[in-house]
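Residue numbers (the numbering used here), protein chains in the order written: chain A, 143 to 606; chain B, 143 to 606.
Everything labelled a hint here was simulated from the structure, so no lab data went into it.
In silico SDA-like pairs for lysine to any residue, Cα to Cα no more than 25 Å straight-line: (1) A:Lys460 x B:Ser179; (2) A:Lys460 x B:Ala421; (3) B:Lys460 x A:Arg387; (4) A:Lys460 x B:Ala180; (5) A:Lys460 x B:Gly386; (6) B:Lys460 x A:Ala509; (7) A:Lys460 x B:Thr506; (8) A:Lys460 x A:Gln362; (9) A:Lys460 x B:Pro575; (10) A:Lys312 x A:Glu184; (11) A:Lys460 x B:Ala455; (12) B:Lys220 x B:Thr316; (13) B:Lys460 x A:Tyr454; (14) B:Lys460 x A:Thr420; (15) A:Lys489 x B:Ala457; (16) B:Lys489 x A:Gly458; (17) B:Lys460 x A:Ser175; (18) A:Lys489 x A:Val504; (19) B:Lys312 x B:Thr507; (20) B:Lys489 x B:Ala509; (21) B:Lys220 x B:Leu317; (22) A:Lys460 x B:Gly209; (23) A:Lys220 x A:Arg196; (24) A:Lys460 x B:Asp239; (25) B:Lys460 x A:Ala421; (26) B:Lys460 x A:Gly178; (27) B:Lys312 x B:Arg218; (28) B:Lys489 x B:Arg501; (29) A:Lys489 x A:Pro547; (30) A:Lys460 x B:Ala502; (31) A:Lys489 x B:Gly456; (32) B:Lys460 x A:Asn576; (33) A:Lys460 x B:Asp176; (34) B:Lys460 x A:Val485; (35) B:Lys460 x A:Asp480.
No experiment lies behind these values; they were computed from the predicted model shown.
Protein chains: 2
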Amino acid sequence: MLDVGAALRYARSNRARFVEELSALVRIPSVSSDPGSAPHVERCARWLADHLRRIGFPNARLVRAGGPPIVVAERRAKADDRPTLLVYGHYDVQPADPIGAWQSPPFEPVVRNGALYGRGASDDKGQFFAHLKALESWIAGAGELPVHVRVILEGEEEVGSNTLRAWIVKHRDTLRSNAALLSDMVMRGPGQPTLNYAVRGQVAMEIELAGQDRDLHSGQFGGAVHDPAQAMAELLASMHEPSGRVAIDGFYDTVRTPSRRERRYMTRVAPRDAEILTAAGATVGWGEPGFTLYERSTARPALTINGIASGYAGAGSKAVIPSRAVAKLSVRTVEGQDPQRVVQQVKRHVRRVLRPTMRARVTTTMAVPAATVETSHPVMRAARAACVRGFGREPVMLRLGGTIPVVSTLRSALGIPAIMLGLALPDDRLHAPNEHFELENFFRGIDTSIWLLRLLANRAMGTS
Amino acid sequence: MLDVGAALRYARSNRARFVEELSALVRIPSVSSDPGSAPHVERCARWLADHLRRIGFPNARLVRAGGPPIVVAERRAKADDRPTLLVYGHYDVQPADPIGAWQSPPFEPVVRNGALYGRGASDDKGQFFAHLKALESWIAGAGELPVHVRVILEGEEEVGSNTLRAWIVKHRDTLRSNAALLSDMVMRGPGQPTLNYAVRGQVAMEIELAGQDRDLHSGQFGGAVHDPAQAMAELLASMHEPSGRVAIDGFYDTVRTPSRRERRYMTRVAPRDAEILTAAGATVGWGEPGFTLYERSTARPALTINGIASGYAGAGSKAVIPSRAVAKLSVRTVEGQDPQRVVQQVKRHVRRVLRPTMRARVTTTMAVPAATVETSHPVMRAARAACVRGFGREPVMLRLGGTIPVVSTLRSALGIPAIMLGLALPDDRLHAPNEHFELENFFRGIDTSIWLLRLLANRAMGTS
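Based on the provided sequences and hints, a complete structural model is requested.
Below, the structure written as structure tokens:
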């Protein structure tokens, strides 16, 4: 029973075919942001449902909930008392532009130097396909799955996962699981398995300031009326202290600071300031005093201005006092921060700072909470052990600075932790030309996933 | 000799023909900003040179100095010892868009309710044509001009007067005159003759801040690197005190404050705060404490942000830390301020405030000084007396908040004062659909100009 050796042997003897199948999947240009690619997105979903049926998920089906189809499939372990694992992936990909920068066509996958090149090879087709191949290896090699499995593959991740998130909330009762598994992130470096245990939340807002009801001549009125561009600058500048701390009342009140133990661990394994600056192409760091750049960009909240537009900013000059100014800002939240409360804090700040010369309209376009898994959680222990088996090395545990809305939704709607196992490398060129996926990480990912399924069967993960 | 009565009688008996001629001039769509209209601009210049030749300027000619032709003509008074008056106008017009908002086609001038409707009717064809008709009235009605006259009509005012300004500087020696006369502004109100005695200067600059060498993911790096959009907000906000005063070191050091006498005069005749707010469509004033809104927007310098652009400001949100931010700003300067010194002050401020996270590039696109004429200057006395004769009423003397580069150039290159006699009304819709010109102001303008020519002959205006 639960013959992990058989599953591993099956996986190893079928590697060549697995790569061919992945190539066929990458060949489908399932670009979700391009309406003209909708037939390809649909075709990709059908390809995956067919494939799942062939590898042992006879009930694989397409769920239509508004956006691109969600591919859903379940298969139970032989023993009823096993936990349920939700395997997530997304089959949509980023656009391939600029096409000219690709060394080989983005949707004609080829293997070069041990890596499969093609749009989506690592984000996310190659990464989630490793888990499908692990499932196949258990079913075909060992004749059973160690845990109950629910596969959910969406086609809308690159444009926000809205359909899937609403669908999960709506079907929270029938989707009950014990943990989620997803690979849609990067490893710390070659050969270094990596588990992410925290994602930041995101509050995205737009502020519009309106002064006069039309653009005014800056000669005629300059000096006598407040300029919305200037007022916006003043408002945005007021949101940070010169030190780099966010200056919005109550902003840090509920922020949970990492434990001393975690901070020591981060100091040891996480990217140092110099490494982060190099990755950013920056020469000088910035931000909240008392924390490393890694901590500032993962374990601490941040407020960034994503864009400002007001008046005329083209060639030459235009003598105008603009009638309005728009700014986009986003707050990355951490555990302890309620996104809705952050929204209220920002709105209160705008009201407090706003001069009577201006009217403000503040809208919220996104409010997703942070999600964290205790690194001592049983599923994390299983994941660490699986990494050791699959990669021959203890994984590093890292926080993610970004937001993965579906992880937050799984956490808030289903109450389950996500195992975030990065299989791509930082220089695999996700979202860029010449995206690729190292086959070594594909194979090690399959082995790790096989082990994970096995180890989860032993763990107490709460009721299913 | 100098039979002003004969000139006035000639003008009055030819009014109908003058309106027909002005209509023919307005009919030519001389839109300088539209390259496709270049033939019309050329045709307009030729029409004017022909017209000048017919009314007594046989040497009227087109000067080609790079841009649209400059129409130039001279005619001397009989007596050699008379001063020289430079009559300026611009024959180019604003585009007519949105065409659909016009009650009658913009280039098919018609008279309705005592006003001539058409693009350019008031800005500036109708206004400068009044002076040409005054010249004609002297030559044809009285047989001579009271002063030497130099006519300069440009076709590039609506796009910056660059050609003319360079040409004036280059030919400063041959253009020597005692005063300039121009009508390209508005009156205080119906029946109220208005002389402008001051224009503000303008320094237009662009500031570009560059942080990282590319846009960054705001989840990955938010909190660890400085955001150029935020840095720009902080920089721009630092340029004003909360009170509304400009916070740039030395900015006010050389500013000449109007005399108590002038301030009393302004309090009496200039627009009050409420009137300026209504014109601006604003509810609350703003700016330097201790001055009225009129003073702040004419007699005091002002710094306005004309535009800001950074990152993404379209629909939805984009998780980006922009790599750069651009802002356009303009300073309206007053007498006592050297534009080049203001440029240096702004640059020094940027250097002082700039954080080490950012690189700044500051470029200057315009630096034109303010120009003021003492209201007690002999030519201003003549102009006031002429207004009383032409309009039956003492003119108000007002400062202009805007900049008229050619006035500043005439002042700085030729050292001469400009008589700025507004003949358009504030609601004549200059630059807007349904532009028109009240014929009453056309006729009163001609009479005023006839009187002005006569009165200038008597004045000591310095050497020619």
